[in-house]
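Colleague: The chain contents come next:
There are 6 protein chains.
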Amino acid sequence: MKKIKELTVDETFEMYVLIKNADVRLAKNGKKFIAFTFQDTSGSIDGKFWDASEDEITRFKAGLVVALNGKREVYQGNPQVKILHLRLTRPDEPSDPGLYMEKAPVKREEMEEEFNQTLFEITNAHWNRIVRFLLNKYQKEFFDFPAAKRNHHAFSGGLAFHTLTMLRLGKSITKEYPQINASLLYAGIILHDLGKVLELTGAAATEYTVAGNLIGHLVLVDEEITKACLELKISEFDEDVVVLRHMVLAHHGLLEYGSPVRPRIMEAEILHQIDNIDASMQMMTSAVKNAEPGTYTERIFGMDNRSFYVPKDV
Amino acid sequence: MKKIKELTVDETFEMYVLIKNADVRLAKNGKKFIAFTFQDTSGSIDGKFWDASEDEITRFKAGLVVALNGKREVYQGNPQVKILHLRLTRPDEPSDPGLYMEKAPVKREEMEEEFNQTLFEITNAHWNRIVRFLLNKYQKEFFDFPAAKRNHHAFSGGLAFHTLTMLRLGKSITKEYPQINASLLYAGIILHDLGKVLELTGAAATEYTVAGNLIGHLVLVDEEITKACLELKISEFDEDVVVLRHMVLAHHGLLEYGSPVRPRIMEAEILHQIDNIDASMQMMTSAVKNAEPGTYTERIFGMDNRSFYVPKDV
Amino acid sequence: MKKIKELTVDETFEMYVLIKNADVRLAKNGKKFIAFTFQDTSGSIDGKFWDASEDEITRFKAGLVVALNGKREVYQGNPQVKILHLRLTRPDEPSDPGLYMEKAPVKREEMEEEFNQTLFEITNAHWNRIVRFLLNKYQKEFFDFPAAKRNHHAFSGGLAFHTLTMLRLGKSITKEYPQINASLLYAGIILHDLGKVLELTGAAATEYTVAGNLIGHLVLVDEEITKACLELKISEFDEDVVVLRHMVLAHHGLLEYGSPVRPRIMEAEILHQIDNIDASMQMMTSAVKNAEPGTYTERIFGMDNRSFYVPKDV
Amino acid sequence: MKKIKELTVDETFEMYVLIKNADVRLAKNGKKFIAFTFQDTSGSIDGKFWDASEDEITRFKAGLVVALNGKREVYQGNPQVKILHLRLTRPDEPSDPGLYMEKAPVKREEMEEEFNQTLFEITNAHWNRIVRFLLNKYQKEFFDFPAAKRNHHAFSGGLAFHTLTMLRLGKSITKEYPQINASLLYAGIILHDLGKVLELTGAAATEYTVAGNLIGHLVLVDEEITKACLELKISEFDEDVVVLRHMVLAHHGLLEYGSPVRPRIMEAEILHQIDNIDASMQMMTSAVKNAEPGTYTERIFGMDNRSFYVPKDV
Amino acid sequence: MKKIKELTVDETFEMYVLIKNADVRLAKNGKKFIAFTFQDTSGSIDGKFWDASEDEITRFKAGLVVALNGKREVYQGNPQVKILHLRLTRPDEPSDPGLYMEKAPVKREEMEEEFNQTLFEITNAHWNRIVRFLLNKYQKEFFDFPAAKRNHHAFSGGLAFHTLTMLRLGKSITKEYPQINASLLYAGIILHDLGKVLELTGAAATEYTVAGNLIGHLVLVDEEITKACLELKISEFDEDVVVLRHMVLAHHGLLEYGSPVRPRIMEAEILHQIDNIDASMQMMTSAVKNAEPGTYTERIFGMDNRSFYVPKDV
Amino acid sequence: MKKIKELTVDETFEMYVLIKNADVRLAKNGKKFIAFTFQDTSGSIDGKFWDASEDEITRFKAGLVVALNGKREVYQGNPQVKILHLRLTRPDEPSDPGLYMEKAPVKREEMEEEFNQTLFEITNAHWNRIVRFLLNKYQKEFFDFPAAKRNHHAFSGGLAFHTLTMLRLGKSITKEYPQINASLLYAGIILHDLGKVLELTGAAATEYTVAGNLIGHLVLVDEEITKACLELKISEFDEDVVVLRHMVLAHHGLLEYGSPVRPRIMEAEILHQIDNIDASMQMMTSAVKNAEPGTYTERIFGMDNRSFYVPKDV
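Chains as they are written, first to last, in the working numbering: chain A, 1 to 314; chain B, 1001 to 1314; chain C, 2001 to 2314; chain D, 3001 to 3314; chain E, 4001 to 4314; chain F, 5001 to 5314.
Just chain A, same shape as in the assembly (with noise of 0.2 Å):
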């Protein structure tokens, strides 16, 4: 079966997608419609569901998977399905949400291990206890989170794979520059977006909680800190401890980006740069992605909008 991102302009198909918006909205008759974004593993896309009955609104759902035999059109540049026939799936057709949303490109139990690994690199007592206890508190979550609701690593399993890409680059840093305390970076790269399993609601639909919209994640897995050593019976005030905190508190670089002090200790500065790189890298790819050699990506929101060139015979 063809995937959302593989259909041709005109061509009529039929497919299993998850539904991932469904907002009910007026129509200019005076008759309700559904607005629908589809998605499947490859991506998604927008179709209208005119002259919606009260039953029809109940039925569809945001996060049922169904069954959508439809045509590919463009709307005003943008593609767009035009819906010929919808119903959910049958007991014996596919309706696991899992089955249609973006994922890691590496594996859970491969990222786990890697993470594993790396813990035996953190030699501070009190920093190895506190990422192993928080890891432990969050797993289930850490490693099916998105980085973010939109922009980079916005998938089920981004936070874990943009830590485990950081924690990769931090360590080619380290070798390069023997200066820098390779433990405390890497506890600060596992701990510094794991705020965000507070921040957001989860993979599917996801939205800001409110303690994200009031606190962020920056204070969130501060606090969490904090919570971890009282229970772990370690002084946070003791000098390390201080330390780490300022690691999670400072990643974002810049007051204006959300971070409460900027970076003042260099494996903190590092952590900042280190991040930049993995969002921009991912930001990047995507949008280059569905672009042409010769042509320009779409304006890139996180990259202060810029729009990209993507060159050709190179």
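Rather than coming from a laboratory, the hints here were simulated on the basis of the structure. Computed from a prediction, not measured in an experiment: that's the story for all the values here. Each hint should be verified, as a subset may be incorrect.
[Stated by the list, open to error] If the Cβ cut is set under 7 Å, some of the chain A residues that face chain F in the computed set are:
#1 LEU7
#2 MET111
#3 GLU113
#4 GLN179
#5 ASP313
C-beta: ideal position from N, C-alpha, C; glycine also.
Since the structure of chain A is already known, use the hints to place chains B, C, D, E and F on it.
Modeller: What follows is chains B, C, D, E and F alone, placed relative to chain A:
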């Protein structure tokens, strides 16, 4: 006995003062001298002690009360003292540094009483218990610490006095706008700067702690609320607790000023504006007090480096 | 009779409303329609009048009261009215536009009384005479005009009400800080936005005048003070007059906000901060009133485009 | 007799100079000294007068002409004079301060003549009358004042000269763009900086007045136009008068530079740009004059602190 | 025959026009339509061609001249044409696109003559030879290209016309300030925007080239000077050549506007300011031409999005 | 023999050092003195030579090696040397300035070898030839020049060492992200700062050249690529060459930092980020080396003036 600020130019005097700073430096002639700042409750003044012996350097340390015989002069537009004679106080002379530090203009007992009264107006049980817990935990420091190293309320008891004045303003404003949640505003005001007892070293020779520099008082008090919840068995994810944490985290108003989130609830915005009013009133008043009518004050760093005009005949 | 804001979705109704705007546009089918905004004291709502004849276009003008038979719907998330029938009011029906405009929550007489009382507290003779002269000169407009075209206090009487609330705040703050020159602060508050009676066209269908756009209300009121001095035979270079002009010119606080000078006297800074408090309280309150507890308000343009959270269960 | 700028390093000299500044300070040895700035038409130089007696302090005041016997030296890279002997001028010696101040390079009579000619080209009756009225009212000051305390045209007659050069540029530009309203542009140019006669204290020992600091020359001249209208019985709300006031208020171009409104009519934008050209030409020319070809000028504060290169062999 | 800008609302007409843009889109009914922009020497207008067949889509391409029978309407405040009939021109009808493009208001021959005269005023041999070489190399494009894709001088010949007007301004300014090196200023003016012949694709259907986007016209003309030096056997490190390269690289004035260096020689600063004057005069004049006296122009993107007022009765 | 950085306070010593700077100034007593900066491979220190005769001023010039007998003191918190005796080196003593300059920590031969190996990984023929051509043309300077006048890698060989470290980082990052065009990244890295051999004067007494100040190293290397293309008969408008020029022009990342274009291809963005990492690692490491654990470094100008904390016991 006269106070420092009452001396006239070229006046010779003898008085007891506190050594606020004592920096040892090298003169152009290769000999050491001590650059003193002396202080009493009226203010402070600089003076150089030339050709200091190793013995004198050891004897005259910051934090000690001394008997100073000097002449009040002016150097490059600033007051300074020419030191004629200097000695440590004798057993029968006053030697308590507390006698020579600026103090809040309201007595501690009165302030305590007013805070206690306010606690009854915080009707939300979580907020009430958290505020009581933390006021209790840091009672001594709260009434002793300054509100800042320099700039505004940089005197003993300044933290409590700044908080109290804000409470009074908060009550007036709440009267004008009944839509404000008074409990929340008062709880937020009381806690907003409490992290300074961890950010600063104390009332005398005030410096930033490592945690103050690397974490900052906004997050430090947020962590205290988190720990209080654990001890008081309040869920820190109850919405009222989230909202209280937001109050303290957002009170600098702008990300550029170190808040990890901007105010997103009405009371948080008002807390920020009340803080502004009291801080700027205190800075302007200090500056205006030292300027003659018809002249301009010194530039005030904390107010975008503006100097203010003191009108005459109005 | 119900008010606009009391209608429920899909409710059919008949009511008298004021035409606030009536823009004629061309539909996709080549026929003209009128895009109406209807208004009563509870708020406003949009509605389209399709296939409008030239006669209807001439008849239904902004500023008239009409009898509207319609159905309350939702279009792209915003309330709108489907117009079933529309006609001008008959002689025996209410037709005074003033009946359908939002109003200040305090009666004009009460406001006048309170301003008059305050005049006795302005003890400097120049300030007192200038304020009396200008309040007298623009008495009608002062109690009729809004404080802005949109954003805060955008209703009939909004200018006087905004000024009055600021006066009340000013009195509370002066009580806390006796070093403030109360006469000056009150005179400055009363005059600070009076230039809006020249900047705007009035309470109904409020627009900017040419002088409003090219000169602005800060300088317009400064010019009024200058002319008042000529008429009252007060030298405009007396220091107290200079200081009063500074109060009104500096009240936007920052050059970027249109003040030609930043506050350089203590009372000017405080005037600016009081203005901030009342303007933001009014904007936040309007927004919060339209949002359910547990949700976020619309973004507020005048507050750096932030949306605010309305806590629940607190 | 040589001029200040013609002296070579280590040259001993005797000349008449004007005392521009005379600040009394305290030396490290506890004795007073006078920090002088001496001036003649070629420029100025600093010099310290050590061990000054009270009598000497009283005798040598700013604004007096003195006979100076000194040696031209260099101190920390800057020219300075070692004072060998200093005395007041005798009755038979020159003592008019005006002889020692920098002057505009065009004679006052020529400037007056050129302004008079231009008045005939201002064909709008309101503008013509207002400009004549104000030029007449401030005639003496207009031809005497500098255009600024420091930065550009900071010399006697600088205000009129700056205005005249702008008029000449304005005429050239109007020839290129006939769509410009020449009357308006010329009226705007003549009035744009006239408020400086109220903002500054005069040509010698130039300081800001209180009105200059608290109101600023843009609004000061706007007020003058307002008062002129009252006296000339011109309505200040006639559109041409509004537009003229806009010209002077907007001429700093950006709110950040102190204009309460940005240019909103074509001629106001061009007035701003002409002002820029003449101000920057004057600043660059002064700086370049003091630098050798092949070297860089000092940093120019008024041009974003840039230093300029003076090319050689071109 | 009438021109586009001369049509009145609801007027039916027939005229020859150039297809400037022809975008194919999908209507809500699922059928394709062509969104046209038609152009003649007076300006341009949009119009939609509904239910376009594949044949029509192929036939009506941008860059072709067509015979248009339509009705001039208004849609959402903007002029638009309702297309009644559309056909390609017949052999006996005009079909040269150049006949329908806006043109510089000065004839090419006159411009060439004026540039040639100016070359004699560039007395430095290096500058003279480089300018001649490059004007010769890109002669055709220089007189054909617009000065920008949109904003100012966006018409055929706009580049040469913009350059010529700047030269005229440059000559007036040089007369006022003889300290300016006229040779250098004129050489800089002629070359400053010449890189646009490589940055843009040409006069019709103007787009940015890849080199335009990735390198920009400032560096592109700098490279041309470098190559010219190689061919003319002039050392590119001679100071006069360095200075000329600086002129073109610095002419945007600020780093934020894409200059890799800010102006550091007097003539470079003046070149930048002359460029500002002509660009803004052209943008303001275009906007003002389309607005009635007593109204405001559309917002002008290139002038910080300001709209300008067109005074009446002045 | 001890090195400069190994001296303790008040230690008397004799050593050979290089005169880095020798500024002649006038003391308050009217006599000349020389303000020296002495340097060896461990760092530098200042010292004043009082009462310098004309002969001594002529003898002790920057760039010479001298025998210094002095005492290591502290002046206003900074290390300085009290000069007891100073003389030029004798024929039998070391006099090669190169022996006293800081050097890259990797040997030139090793660096050359690593660059040569990398050339084989640049598989695009144009890029390969251009890089080889320019490395060859500026071979001597590339391995001799510093990467900056001050800030980071300000030592002999710093340019090549900075480039080499970036290459190593580039290779690690490319391994993590195979979507990066490695050839392009490596070519861009090698050339990105090569313009510094024209921007700066060399390794000793490093200053900016006129071309460095007026054109800057980004455009200077772009011009070198342009000229290389002419000599190698490669069309500079081939897309791969355009892209390579973009790499060097965009590597400062932001217009405000002097790039005429922001990165618009993926590899250009990554080049910029790698540059950031190595520059900041070098600046932080230098600063941290001079600070004790538990203290803060000096403020680092190139890192937004932050000071960094050096944790202890971690």
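Colleague: Against each hint, give a clear statement of whether it holds in the structure.
Modeller: Hints and how they fare:
1. With a least beta-carbon distance of about 24 Å to chain F, the hint placing LEU7 (chain A) at the interface is violated under the 7 Å criterion.
2. Because the beta carbon of MET111 (chain A) sits about 15 Å from the nearest beta carbon in chain F, more than 7 Å, this interface hint is broken.
3. With a least beta-carbon distance of about 18 Å to chain F, the hint placing GLU113 (chain A) at the interface is violated under the 7 Å criterion.
4. The interface hint given for GLN179 (chain A) is met, as the beta carbon of that residue sits about 6 Å from the closest beta carbon of chain F, less than 7 Å.
5. With a cut of 7 Å, the hint placing ASP313 (chain A) at the interface with chain F holds, because the nearest CB-to-CB distance is about 6 Å.
In the structure shown, a violation is registered for the earlier hints numbered 1, 2, 3, in ascending order.
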